[in-house]
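Participant: Sequence:
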Amino acid sequence: MSLSTHVLDTAAGRPAKDLFVRLSRRAAHGFVPVAEGRTDGDGRIREWTPLGREWDPAEDPRPGTYRLVFDTGAYLGNEAFFPEVSVVFAIREAGEHYHVPLLLSPFAYSTYRGS
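Just so it is clear: in the sequence shown, position 109 is 109 by the UniProt record's numbering, and no numbers are missing.
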């Protein structure tokens, strides 16, 4: 079981290095942060830093609704029209690999389910 992300800076034509990302899981009262990380030199987060007991790397991600929040403002600086990008997605099958890429530029972004 795993969850990864990859951020590509499409304006610069390279991976977005050192971009902070927080992962949350939907609970009855809203989203609860469960893990966080920073993109590596290739723009990827393969392993997450757990926040408390809500995230178990051996079991997660479990089925449910999740949110990735990308701190694009800190990465892009004054050029960021979108200072934060929030991507909400559903995990339906435990045991599968989930990859959520982000293509980023100062005035646009897109995402999809990767492999």
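For the record, the hints were derived by calculation from the structure and aren't laboratory data. The beta-carbon is built from N, C-alpha and C at its ideal position, and this holds for glycine as well. There could be a bad hint or two in this list.
Said to hold, decoys possible - The following label-pair restraints were derived from C-beta to C-beta distances:
| id | residue 1 | residue 2 | range |
| --- | --- | --- | --- |
| 1 | S115 | E47 | 15 to 25 Å |
| 2 | A11 | A94 | 15 to 25 Å |
| 3 | P63 | F107 | 26 to 36 Å |
Participant: Going through the earlier hints one by one, which of them does the structure break, listed in rising order?
Facilitator: 2
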